[in-house]
Structure formats: structure tokens, C-alpha cells
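Work out the full structure: start from the sequences and follow the hints.
Residue strings, one per chain:
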Amino acid sequence: MHHNGVEDEEKWLAAGITGLQQNAFFMHRALDSNNLKDALKYSAQMLSELRTSRLSPQKYYELYMRAFDELRKLEIFFKEETKRGCSIVELYELVQHAGNILPRLYLLCTVGSVYIKSKEAPAKDILKDLVEMCRGIQHPLRGLFLRSYLSQVSRDKLPDLGSEYEGDAETVSDAVEFVLQNFTEMNKLWVRMQHQGPAREKEKREKERSELRDLVGKNLHVLSQIEGVDLDMYRETVLTRVLEQVVNCKDEIAQCYLMDCIIQVFPDEYHLQTLETLLGAFPQLQPSVDIKTVLSRLMDRLSNYAASSAEVLPEFFQVEAFVKLSNAIGKVIEAQDDMPVIGVVTLYSSLLTFTLQVHPDRLDFVDQILGACVTKLSGKGKLEDSKSRKQVVALLSAPLQKYNDIDIALKLSNYPHVMEYLDNGTKKEMASVIIQSIMKNKTLISNSEKVEALFELIKGLIKDLEGNLQSELDEEDFHEEQNSVARLIQMLHNDDPEEMLKIICTVKKHILAGGPKRLPFTVPPLIFNALKLIRRLQNRDENVAEEDTPATPKKIFQILNQIIEALSSVPVPEVAMRLYLQCAEAADDSDLEPVAYEFFTQAYLLYEEEISDSKAQVTAIHLIIGTLQRMHVFGVENRDTLTHKATGYSAKLLKKPDQCRAVYACSHLFWVDDQDSIKDGERVLLCLKRALRIANAAQQMANATRGSGGSVTLFIEILNKYLYFFEKGVTQITVASVQSLIELITNEMQGENATPDPTADAFFASTLRFIQFQKDKGGAVGEKYEAIKV
Amino acid sequence: MVLVLALGDLHIPHRAPDLPAKFKSMLVPGKIQHIICTGNLCIKEVHDYLKTICPDLHITRGEYDEETRYPETKTLTIGQFKLGICHGHQVIPWGDLDSLAMLQRQLDVDILVTGHTHQFTAYKHEAGVVINPGSATGAYSSITYDVNPSFVLMDIDGLRVVVYVYELIDGEVKVDKIDFKKTTASANSAH
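For the protein sequence lines, the chains are A and B, in the order given.
Under the UniProt record's numbering, the first residue of the first sequence is numbered 1, with each subsequent residue one higher.
Under the UniProt record's numbering, the first residue of the second sequence is numbered 1, with each subsequent residue one higher.
One or more of the hints may lead you astray.
[Claimed, not checked] So the derived list for chain A, only partly shown, Cβ under 8 Å to chain B, looks like this:
1) MET439
2) GLN490
3) LYS532
4) ILE625
5) PHE763
[To be verified] With a Cα cut of at most 30 Å, we get these calculated DSS-like pairs of lysine-lysine:
6) A:LYS380 - A:LYS411
7) B:LYS44 - A:LYS508
8) A:LYS450 - B:LYS22
9) A:LYS440 - B:LYS174
10) A:LYS463 - B:LYS44
11) B:LYS51 - A:LYS442
12) A:LYS615 - B:LYS74
13) A:LYS532 - B:LYS174
14) B:LYS181 - A:LYS777
15) A:LYS532 - B:LYS44
16) A:LYS652 - B:LYS74
17) B:LYS51 - A:LYS440
18) A:LYS784 - B:LYS124
19) B:LYS124 - A:LYS775
20) A:LYS532 - B:LYS24
21) B:LYS124 - A:LYS789
22) B:LYS44 - A:LYS459
23) A:LYS440 - B:LYS31
24) A:LYS442 - B:LYS24
25) A:LYS402 - B:LYS22
26) A:LYS655 - B:LYS74
27) A:LYS442 - B:LYS22
28) A:LYS442 - B:LYS44
29) B:LYS44 - A:LYS509
30) B:LYS44 - A:LYS440
31) A:LYS775 - B:LYS181
32) B:LYS31 - A:LYS442
33) A:LYS777 - B:LYS124
34) B:LYS177 - A:LYS777
35) A:LYS679 - B:LYS124
36) B:LYS22 - A:LYS440
37) B:LYS44 - A:LYS517
38) A:LYS784 - B:LYS181
39) A:LYS615 - B:LYS51
40) A:LYS532 - B:LYS22
What the hints contain is simulated information worked out from the structure, not anything from laboratory work.
Don't be surprised by glycine CBs; every beta carbon is placed ideally from N, CA and C.
Here it is, written out as C-alpha cells:
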């Protein structure tokens, strides 16, 4: 009969409920007046509503529940009847006179419940009778609900261990047998539903089947609750029979649901101990069953079990769980040739999680899993869909998270092979995950082989991969990415200089292939890491012969020179110049005059040829003068050349104030406190005078172009420098020269052209205060300053 | 009581991967009123991190800073004190206290905070104090060997400032403190 629509169904359900309620009403009257005959008559009529074929499972359930409630009242009545003298055996006989088989069987089960409770006959006999009588209903929907009813009323009356229904003759086995039989019959009915009705309604049938599945699954739940079902009984009887039914029914929906049910419902220790049997069923299932999901859930359960306590781990070893699972997965993948990639990766992911939990020390297992993945992925090219990619990233991240030590991931020979199957974007993503793991755990990478392996893994960040367009990443993300590589370079370290040098060379090789966009980020950290090495070598230099070891400062400087040179391809002259000056200072510390001179030459060339921005020039000059001032390794000639150049650059800066400041800074090049050979008062004075001239010129320019005096600040600065050298005892800086400068400033500030300048005033005031402080000190210093009048 | 954090020369990521974990756990947001940074962070990420510790952040430009628009010098007033900040690569000779004192006179400040040498110093003279908080990450320096990570916390209270220096030595954080007092409240003089 066709269902013409939901409205019709609502109508039929309403009609069924009405019919049911009407008969129930009369039944109640009969119960109240102890009229057994009428009770049976009306209850049978009431139950006839359940004979309908018109309702879908959801609606039938509604009708069924109402009938169920009514039958409870009837059961109580039956119980009381037996007290009033009615024989239960006769009652059991009597209900079978009902006209139609379905009402008859519901009534029989209800009486049966009372019968078992009365203990006038063994529970097992009654149960056996009932479960077989129910065969009379072969219609799937009606049969499932009937047997469900049987299951419900018998639930608390099974001859379980320690129950009141247990006897000598009847035992747990009988209880189990009953439930297994009911289960088997229910599954058959459920499967039969698949083939009822026309092909075009298949989808609807499958949906209805899905709504009914818990009725079937409930039986497994009941089995799991039976106290007397221990491991042996589970292994010998329960699992075997259930699996037999699951396999033999050859129904995809049933197999998928029931396998999952078994896994969820029975304890994990049982699964471990019956692993082989359980896994053995999988290849026998229909090819369309989603085995990977069920297997994954099994492994996840076992992983959680292993995580729950360390005491259970020996069980895993004892049953060789890993081997069995690994083989089972292999068989499944082999059998399902067209399994999509995501399926394969998910399976191996679950196995990996399991392995990391149960056998964390067995890196060979972990590597094996990765290798199996690679085998399955080979020949498929790079992964196309994002779900698969995500799953592979999860797979590769798992060992990183578990071990918190990149060294271990680097030991897994198949790890890089798996990465090969990721597209370039995902490779970079994975590379970032790896770097983050290293930074979080602060692990130092300590030899060149590991560095090589690591940089291979993260090569997506280090250089352009084939087919990759640079434009993919926005600028901020690119910077973040490269900065993370820079931080990573700081994490490479070994106390042994030879090994450290190898590490540096390995990194150099990789980053020089990175292209102009990456070099400005990756070169500086490498240079500084190398400078740290050079400093360590300086400390030990006395003991080691230069010839034997490749790691000498000189050789490292050569390498550094090459690396900085690469920056010219970008170009970033300001960065390169800074790095050359850093190296020059380090060469100075190592007493390598020619090397230091060469670095200075390179820095100067960059200044002359590449740095043209005014502001950049000012900073560059400061760095040049500041560095040169500290150098002690240069002989007179070299120093003179470099100093001459530096003062030349200073005088040629664009803005007069900048010129002035740079020139007086140069004065310090001629007087270095801790080097007696560099104490040339004459040249100091020359510088300061030159600075004064420039300051004057600046003043005049300001007068000419703006009509008013420019700031006297420069003069005050120069005055402070005069005082500096005066105090150091430079004889060429006389009291008179200081005095006249003070007067000059005073006049400028009081002159008619002067613009009020509070900052300059404050500066002058604090300078004069300083002179006073020095006077007040007394002693040698006080004497010196005595002559200066403020 | 006003807490001022002074730090600089982190050189992240060129010379150091990150601040030491022990420092990070001490620098809790909400406890500090001002941050003074001498420069050489070097990247925006570090700037953003410092902002989370305290939004009132004053930075001057170091020669390796990615952001070129930080000022060369900066002055600010906190309570009774005038503070000046400058990275210090502009003051030659580098680390020379007399030359730094000149800058202090020029900026007319009681406390001058500079960096560049990666060496903690606190120098008191008649006109005020020159403080170098060192390198917060212990970054390599051509000027100073064996740099220990360090930073400074100043507690400004009326006419008195207590300077706490935190140094990470062999994995342990060691604290030292120095006291300074101004004699009068006028902006121009110290004692």
C-alpha cells in the first residue's frame, strides 16, 4: 500500500490512536470489574491497531508506546488474577485463542512475563518458547517492534549470574542464547526491509532502516550488561555468533552499524583479547562498508584505553596489538583498491595515534606507518583536496606533538617522503608547524646532518619551489614566515667549533638559494651566529694549532665575506654595510689587520656607491666613525687612510648641521683613551675648528635665507666637545679657546637677531652648571676648570 | 609609585630568537605604567608584544630597527623626573659616559636611558643619572663580551627613583637596586 503523504500518515496515526484508546477504555472497565474474558477481548482489539502497514517507523513507534503503557496495566491485572486463583499455565493457554497472531503474541509475551516471575516453570523454557513463537511475524516493522517488546519485558528476568532466576538447570548460557536468538531474528527482519518495495524508494527505506537500528543494537547492549558474560564466554560464544550473523547477512547498513556497535558496547579489554577475531571479520564484510571509519574508531578507543592507565600497556604488548592492527589495515587497503586517499591517510593517522600512545619508544613502528602511507600515496601525484591535505598535516604533526623534540622527527626516514606529496602551499604550512614546534620546545639543533635534514623538510620556506608563484603570500605573512626562519637559525648550535662551522656552511648553502626576497631576512642571523662562533674561538686560540683545524677565525671570515656579498643581489646596501662593520670589529678582536681592512673597504665602497639617502648617510657615518674609533689593530697607514676617508664623508653630508656633528665626532678618531699612539691633539683641534666653521656657515645661511639667526645649539655642542678634550688634557685645547667660545655663544644668544630658543638656553645653562660642578670638585679637576669664567 | 620598564637591544630575530622565558613570565600586563625602549627590537612583532605589556610605549630608533620612523631621541616627564631616551649609536665614542652626559645636558633631563653597548650601567653624576638597561635577550655585541640578558625597572616616587636591574645569570634571575634622589622639585636641577 502506498503512503500518499505525511498528511495521510497523520490521519492514520490519529485513527489508530483513537481506536487504541477506545479499546483501552473498555479494557480498563473490564480490569476494574475483574472480567478476564472482556479484558482479553478488548486488549486483543486494542492490539490490532498494531497490525497496520500504513505507518512509518516514527509513527508506528508512537502507537507502540501507547500500547506498551496499556499492556503494563494488563500485566498487573494478570498478576493479580493468578493471586485470585487463576492458573498461570491456563492463562498462558487462554491468550493464544486471540484471533489474530500479532495481538496473540503481544499478550503471550505479557503473560510470559508474569509466568517467569511466578517461577512455576524454568525461565529458560518460557523464554525459548516466546522467542520462537515470535517467528510467526515475518513483517519487518511489526516483527522488530514485537521482538523489541519481548526484549523489554524479559530484560530483568534473565537467568543471569546471581539473579533469582538462576538455577542448576539454567544458567547464563541460556540467557545468552535467548538474547542471541532474538538478535539474530531481529537482524534478519531488519535486513529484509532493504529489499521490500520498489527500487526508486530505496533511499526512503534506508532512512527508515536507520531509524530502527537501535532496536537491533539494543540486544548487543543487553548482552554487554549480562553479568555472567566474562571474557571466555564473550570470546567463545557471544562474539563468534554475533560476527557470524553480521558477516552472513551481507547487508552494508547492518554490517557498518553493528561492527561499530560491538566496538562501542563491549569493554576495551575484551577487544584487545579478541583482536584477531574482530579484525578477521573486516575483510569479509561487503566492499561498500565504510571500514576505515569503523577501524579508526576502534583504534581511537584502544588509544584512549592505553592512555587511561599505564598498567594496561602490557596487555597491548602481550596480544601484539600493533602487528595485528597494522596487518588488518594493510589487508583492507589492499582489498579496497579504489579507496580514496583521505581514507588511507585517516586509517594510518589513527594507527599512528595508537602507536604513539602504546609504543612511543618504537620509532621503527612510527616510521613503518609513514612508509606504508608513502607506498599507498605513490603514483598518485600531489594531493588535490584540502581534506586529505589537512589529514596529512595532522599525521605529520602528531610525532612533533608527542615527542616535543625535532630530533626524533628527523630520525624518521619516511617523514620527508610523506611531505613530498603535499602541494607547495601545504608544504610551507607544515614547515611552519615544524619551526613552531622547535621554538616552543627550545630545542637546539646540534649537528650539520640534522640541519641538512631539517632544511630539506622546510625547503618551502627557504626557497621558491617549482611551479610556485612568489605572489601567493601577502607581504606581512611573508615577513612573518621569513622571521620565523631567522629565529630558527638562532637555534642551531654546537659547542664544538668544527661541527658549528659545518652547521654554518650547511645553512649558507641553503639560504643562498633563497633568492633576493629572502636574503635580507636570513643572512643577518647567520652572520651573527657565526660571529658568536668566532668569539668562542678567540678564547681558545692559544692552545690550538692553526693548520690542523678548519675552524679558524680567518677561514670563517672568508665565508662571511661571501655570504654578505650575496646581499648585493637584493640589494640592501645599508644592511650589508652594517654587517661588514660588525665583521670588521670582530676581525679587530682577532688581530687580523688585513681582514679588518678589507671589511672596512667593502663598507666604505657601499657608502660611496649605494647609500644616497641623506638620513641613511647620517646613520652610516655614525656607525663608521663609531666602529673606526674602537679599532686598535690598524697600523698608522691604514688607520690614516680610513680616518681621512671618514672625515671626508662627514664634511660632505648634505645638511650643514649633520656635517658639523659628524666632523666633531671625527675628533674622537684622533684621541683614544686606551691607546697612547692615538693621541693627536693637533688633529683633534683641527676637527673642532672645522666644525666651528661649518656651524658659522650654517648660521650665516640661516640669516640669509630666513632673515634671523639660526640655532646656537651647534656651538653649544662644540663647546661641550672642547670641554671634553680640555678635561682629558689635550694641550691644544686652551682655556682661552674655551672662554672665547663661551663668549661667542653668549653674544649670539643676546644679539638682536637672536630668536628665542628655550632648548638651547637650557642646554647652555646646564653646560655652565657642569663647568661649575667641575670647579666645585676641587683637586686636579677643580684646578683645571678654575680659569674658566662663567 | 610609578613603574617604568626600561629595556632594549633585543635584536629579535637577527641575534636572538626570543626573550628569555623567565623574563617573559615576569613581564605581566597591567603592572607597569610606562615602557622606555632604547631601540633595536627589531621587528614589529616585538613592538606589538611590548604594547601588550603596557600601551604607553616610548621607543627610539636603533640602527637595525625595521621601523625607520622611530625618533632619534625622545623626552618625557614622569612625576618629578624628566627622562630622555636615545639608542646611543649616535653618541661617539660608544658607551663613553662623558659624551653621554653631554647628550643629557642637551636634552636637559634628569635621567638619560641609552643602549647600544648591551652592558648594564647606572652612572650617577652631579646633574643626574645615565642608565643603560643592557640587552633584554643577551644578544651578541661587538662592544661587550659575555652579555647576560638584563632589563631595568624604575620605581618613581616623588623626588626619589629606585632603579632595579634584573639580570639572567646562569639561568637564575638576579636583582640589584640603586637609589637616586633629586634635591628639589624644579625641573632644571638635580643635586
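Status of each hint after checking the structure:
1. MET439: holds, 6 Å
2. GLN490: holds, 4 Å
3. LYS532: holds, 5 Å
4. ILE625: Holds, about 6 Å.
5. PHE763: holds, 5 Å
6. A:LYS380 - A:LYS411: With a Cα-Cα distance of about 26 Å, the restraint between LYS380 (chain A) and LYS411 (chain A) holds, given a limit of 30 Å.
7. B:LYS44 - A:LYS508: Holds, because 26 Å separates the two Cα atoms, which is no more than 30 Å.
8. A:LYS450 - B:LYS22: holds, 28 Å
9. A:LYS440 - B:LYS174: holds, 25 Å
10. A:LYS463 - B:LYS44: holds, 23 Å
11. B:LYS51 - A:LYS442: holds, 24 Å
12. A:LYS615 - B:LYS74: Between LYS615 (chain A) and LYS74 (chain B) the Cα gap is close to 18 Å, so the pair holds against 30 Å.
13. A:LYS532 - B:LYS174: Given that 30 Å is the threshold and the Cα spacing comes to 24 Å, the pair holds.
14. B:LYS181 - A:LYS777: holds, 20 Å
15. A:LYS532 - B:LYS44: holds, 25 Å
16. A:LYS652 - B:LYS74: Measuring from Cα to Cα gives roughly 27 Å; hence the hint holds.
17. B:LYS51 - A:LYS440: Given pair LYS51 (chain B), LYS440 (chain A) holds - Cα atoms ~22 Å apart, limit 30 Å.
18. A:LYS784 - B:LYS124: holds, 22 Å
19. B:LYS124 - A:LYS775: holds, 18 Å
20. A:LYS532 - B:LYS24: holds, 24 Å
21. B:LYS124 - A:LYS789: holds, 26 Å
22. B:LYS44 - A:LYS459: holds, 25 Å
23. A:LYS440 - B:LYS31: holds, 26 Å
24. A:LYS442 - B:LYS24: It holds: about 14 Å lies between the C-alpha atoms, which stays within 30 Å.
25. A:LYS402 - B:LYS22: Holds: LYS402 (chain A) and LYS22 (chain B) sit about 25 Å apart, inside 30 Å.
26. A:LYS655 - B:LYS74: holds, 22 Å
27. A:LYS442 - B:LYS22: Since the Cα atoms of LYS442 (chain A) and LYS22 (chain B) sit roughly 13 Å apart, the hinted pair holds (cutoff 30 Å).
28. A:LYS442 - B:LYS44: holds, 22 Å
29. B:LYS44 - A:LYS509: Satisfied, since the Cα-Cα distance of roughly 28 Å is no more than 30 Å.
30. B:LYS44 - A:LYS440: It holds: about 20 Å lies between the C-alpha atoms, which stays within 30 Å.
31. A:LYS775 - B:LYS181: Holds, because 22 Å separates the two Cα atoms, which is no more than 30 Å.
32. B:LYS31 - A:LYS442: This hinted pair holds, its Cα atoms lying about 27 Å apart.
33. A:LYS777 - B:LYS124: holds, 15 Å
34. B:LYS177 - A:LYS777: holds, 27 Å
35. A:LYS679 - B:LYS124: Answer holds: LYS679 (chain A) to LYS124 (chain B) is near 28 Å, not above 30 Å.
36. B:LYS22 - A:LYS440: Satisfied, since the Cα-Cα distance of roughly 14 Å is no more than 30 Å.
37. B:LYS44 - A:LYS517: holds, 18 Å
38. A:LYS784 - B:LYS181: holds, 29 Å
39. A:LYS615 - B:LYS51: At roughly 27 Å apart (the allowed maximum being 30 Å), LYS51 (chain B) and LYS615 (chain A) satisfy the hint.
40. A:LYS532 - B:LYS22: holds, 23 Å
Violated hints for the displayed structure: none, as all numbered hints are satisfied.
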